[in-house]
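Asker: The residues making up each chain are set out below.
Number of protein chains: 2
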Amino acid sequence: MIRKQLQFKQATSLLIICVFCFSLLTLNSYAQFSKKQEVTFKIGMAGYTFKDISIDKTIEMMKRINVKYLSIKDIQLPLTSTQEEITAVKKKFADAGITIYTGGVIYMKTKEAVDQAFDYGKKLGIDMLVCAPNYELLPYVEQKVKETNIRVALHNHGPDNPLYPNATDIMKHIGNMDTRMGICIDIGHTTRDGQDPCVDMKRYFKRIFDIHIKDETAAAKEGKTCEMGRGVIDLPKFVETLKALKYTGVCSLEFEKDSKDPLPGVAESIGYFNACIQCTK
Amino acid sequence: MIRKQLQFKQATSLLIICVFCFSLLTLNSYAQFSKKQEVTFKIGMAGYTFKDISIDKTIEMMKRINVKYLSIKDIQLPLTSTQEEITAVKKKFADAGITIYTGGVIYMKTKEAVDQAFDYGKKLGIDMLVCAPNYELLPYVEQKVKETNIRVALHNHGPDNPLYPNATDIMKHIGNMDTRMGICIDIGHTTRDGQDPCVDMKRYFKRIFDIHIKDETAAAKEGKTCEMGRGVIDLPKFVETLKALKYTGVCSLEFEKDSKDPLPGVAESIGYFNACIQCTK
Numbered sequence: 112m113i114r115k116q117l118q119f120k121q122a123t124s125l126l127i128i129c130v131f132c133f134s135l136l137t138l139n140s141y142a143q144f145s146k147k148q149e150v151t152f153k154i155g156m157a158g159y160t161f162k163d164i165s166i167d168k169t170i171e172m173m174k175r176i177n178v179k180y181l182s183i184k185d186i187q188l189p190l191t192s193t194q195e196e197i198t199a200v201k202k203k204f205a206d207a208g209i210t211i212y213t214g215g216v217i218y219m220k221t222k223e224a225v226d227q228a229f230d231y232g233k234k235l236g237i238d239m240l241v242c243a244p245n246y247e248l249l250p251y252v253e254q255k256v257k258e259t260n261i262r263v264a265l266h267n268h269g270p271d272n273p274l275y276p277n278a279t280d281i282m283k284h285i286g287n288m289d290t291r292m293g294i295c296i297d298i299g300h301t302t303r304d305g306q307d308p309c310v311d312m313k314r315y316f317k318r319i320f321d322i323h324i325k326d327e328t329a330a331a332k333e334g335k336t337c338e339m340g341r342g343v344i345d346l347p348k349f350v351e352t353l354k355a356l357k358y359t360g361v362c363s364l365e366f367e368k369d370s371k372d373p374l375p376g377v378a379e380s381i382g383y384f385n386a387c388i389q390c391t392k
Numbered sequence: 112m113i114r115k116q117l118q119f120k121q122a123t124s125l126l127i128i129c130v131f132c133f134s135l136l137t138l139n140s141y142a143q144f145s146k147k148q149e150v151t152f153k154i155g156m157a158g159y160t161f162k163d164i165s166i167d168k169t170i171e172m173m174k175r176i177n178v179k180y181l182s183i184k185d186i187q188l189p190l191t192s193t194q195e196e197i198t199a200v201k202k203k204f205a206d207a208g209i210t211i212y213t214g215g216v217i218y219m220k221t222k223e224a225v226d227q228a229f230d231y232g233k234k235l236g237i238d239m240l241v242c243a244p245n246y247e248l249l250p251y252v253e254q255k256v257k258e259t260n261i262r263v264a265l266h267n268h269g270p271d272n273p274l275y276p277n278a279t280d281i282m283k284h285i286g287n288m289d290t291r292m293g294i295c296i297d298i299g300h301t302t303r304d305g306q307d308p309c310v311d312m313k314r315y316f317k318r319i320f321d322i323h324i325k326d327e328t329a330a331a332k333e334g335k336t337c338e339m340g341r342g343v344i345d346l347p348k349f350v351e352t353l354k355a356l357k358y359t360g361v362c363s364l365e366f367e368k369d370s371k372d373p374l375p376g377v378a379e380s381i382g383y384f385n386a387c388i389q390c391t392k
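Taken in order, these protein sequences are the chains called A and B. If you're matching positions, the first sequence starts at 112 in the numbering used here and goes up one per residue. If you're matching positions, the second sequence starts at 112 in the numbering used here and goes up one per residue.
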């Protein structure tokens, strides 16, 4: 009698667990096809993409791909611009529904260049600069961050640049500095440097303020930017990592190919990234 | 003693089932990120996309988006073309690595038009025509299929066209005819007609020879083609359906927007579709 009761209990427990696990599986496969899910981050463009394109054409292209955030590059809006010039450019983008949310990458080799960059940031009315100051200038940059309350996101440039090859190198230099000093992680250069963008994203998440997204032809120094989906970076996995971490910043596509005619490659990449967002958990 | 043995057995069974189910969950979430998975179908372009574009420009655009299959439209290569003209155009595409795998959509309102279309197919050396013959011509089309062994894929055109509004209407007319007569399912018009492309795909799979892919702004007559991912069609789910069915044909993007400058929208759509393939199970 006891034996029968136990067998019955055992069978019931097994059944309940099976039903529970298969429900989980079903929910899991449903989740990836829920198109209109909420995502915490935004899609943007890194200005270097448009280095050979006029501002008017840039606006036209960004409207075409329906991207509303821009990290402006000094090639389009020089660091020496007056307040009037900066206000006019900002208005042009704003009129097209585009927000200049940051500027960069700004290289800083002298104290004067640091001053100029923060002054540019103030004129632009932004709260963050994407930059790559020489290592010895970091204490001065920290002083400017404290003075202005403008954050800095240091950009990693892979194995072909001795300045900040990867996020770990950045953190080695700023880990103990003001927490308004962080990283703009470039997942292409990270990959070219042999690092895993998902690992670095998780490891340094609290200090990652901005992201340059792209794909690369190889996970090596020779790797070149290519259309998203055609290269070696596991972008679906990267998007899932962003979702899991609830990243709330911008992912800006830096398309370093076809600079005279970037729109087709940019559009293909944005389409690819949109589907990664819609298809992943 | 018996009771203890049973409890131990019960606990072991539960543990094994839990491990098994969690392994399944892990495998499931891994599967969607396996970038280089094998897919049985190909990506192509439907020629109507290039209705205002020259053949040379079409080739240039297709190379740019890395698409190698074309369903040529009579606007670019008229049905009245000679064998020499057809061979020359075919060679131009072949030299660029592009295969003309079918022609269409070809409308047929008379027996002569049916003859002309099959003659065109023979000259092109293709084994399938995408077409929309008047209903009363279907027996004659069947006769030509038997004579030539060229298959026909009838194209549905949604609620604004009395000829073949959806796949069900096509099957109502050809269900009992030669099995070399089938469907080119247009998922945009299917959606505009209030049908679910995934349901029709499963229901008529054996007779679906070709697919026109796109996205639509609305699941209604007023719906217009838009960039994939921006509209109402659940493309990730459709791609998963194709994978489950092991569809081996071509999915040809028919981008009926910006016909004077289709490349950006086409590129965004192809990027989106590529990610759907890479992200789904």
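Hints were generated in silico from the structure; no laboratory data involved. Some hints here could point you the wrong way.
Chain copies aren't distinguished; within one or between two, either way the pair holds.
[Said to hold, decoys possible] Here are the simulated DSS-like pairs of lysine-lysine, each with C-alpha atoms no more than 30 Å apart in a straight line:
(1) 283 with 392
(2) 283 with 371
(3) 357 with 179
(4) 179 with 368
(5) 348 with 335
(6) 335 with 202
(7) 203 with 317
(8) 283 with 335
(9) 371 with 357
(10) 203 with 371
(11) 332 with 174
(12) 201 with 332
(13) 354 with 222
(14) 392 with 202
(15) 179 with 222
(16) 174 with 348
(17) 179 with 283
(18) 357 with 233
(19) 220 with 357
(20) 162 with 174
Asker: Could you run down the list of hints and mark each one as holding or not?
Answerer: Outcome of the hint check:
In this assembly of identical chains, the alpha carbons of residue 283 and residue 392 never lie at most 30 Å apart, being 33 Å within a copy and 40 Å across copies at closest. In this assembly of identical chains, residue 283 and residue 371 lie within 30 Å of each other by CA distance neither inside one copy nor across copies; the values are 37 Å within and 52 Å between. For a Cα distance limit of 30 Å, the shortest separation of residue 357 from residue 179 inside one copy, 20 Å, qualifies, whereas the shortest one across copies, 38 Å, does not. Taking CA atoms no more than 30 Å apart as the test, residue 179 paired with residue 368 passes in both settings, with 21 Å inside one copy and 22 Å between copies.
Only within a single protomer do residue 348 and residue 335 lie at most 30 Å apart by alpha-carbon distance; the minimum there is 20 Å, versus 32 Å between protomers. Taking identical chains as interchangeable, the C-alpha atoms of residue 335 and residue 202 are never at most 30 Å apart, the minima being 34 Å within one chain and 32 Å between chains. For a Cα distance limit of 30 Å, the shortest separation of residue 203 from residue 317 qualifies neither inside one copy, at 33 Å, nor across copies, at 54 Å. For a Cα distance limit of 30 Å, the shortest separation of residue 283 from residue 335 inside one copy, 27 Å, qualifies, whereas the shortest one across copies, 53 Å, does not.
Taking the shortest alpha-carbon separations for residue 371 and residue 357, neither the intra-copy value of 35 Å nor the inter-copy value of 41 Å comes in at or below 30 Å. When the C-alpha separation of residue 203 and residue 371 is checked against a cutoff of 30 Å, the pair qualifies both within a copy, at 22 Å, and between copies, at 26 Å. Within a single copy, residue 332 and residue 174 get their C-alpha atoms only as close as 33 Å, which misses the 30 Å cut-off; across copies the closest is 27 Å, which meets it. When the C-alpha separation of residue 201 and residue 332 is checked against a cutoff of 30 Å, the pair qualifies neither within a copy, at 36 Å, nor between copies, at 40 Å.
Within a single copy, residue 354 and residue 222 get their C-alpha atoms no closer than 38 Å, and across copies no closer than 58 Å, so neither meets the 30 Å cut-off. For the identical chains of this complex, residue 392 and residue 202 are neighbours neither inside a copy (37 Å) nor across copies (45 Å), given an alpha-carbon limit of 30 Å. Taking the closest pair of Cα atoms, residue 179 and residue 222 never come within 30 Å of each other, the shortest separation being 33 Å inside a single copy and 54 Å across copies. For the identical chains of this complex, residue 174 and residue 348 are neighbours both inside a copy (28 Å) and across copies (28 Å), given an alpha-carbon limit of 30 Å.
In this assembly of identical chains, residue 179 and residue 283 lie within 30 Å of each other by CA distance neither inside one copy nor across copies; the values are 33 Å within and 47 Å between. For the homomeric pair residue 357 and residue 233, the shortest alpha-carbon distance inside one copy (28 Å) is at most 30 Å, but the shortest distance between copies (57 Å) is not. With identical chains, the CA atoms of residue 220 and residue 357 are never at most 30 Å apart, being 35 Å at best within one copy and 58 Å at best between copies. Taking the closest pair of Cα atoms, residue 162 and residue 174 come within 30 Å of each other both inside a single copy (17 Å) and across two copies (24 Å).
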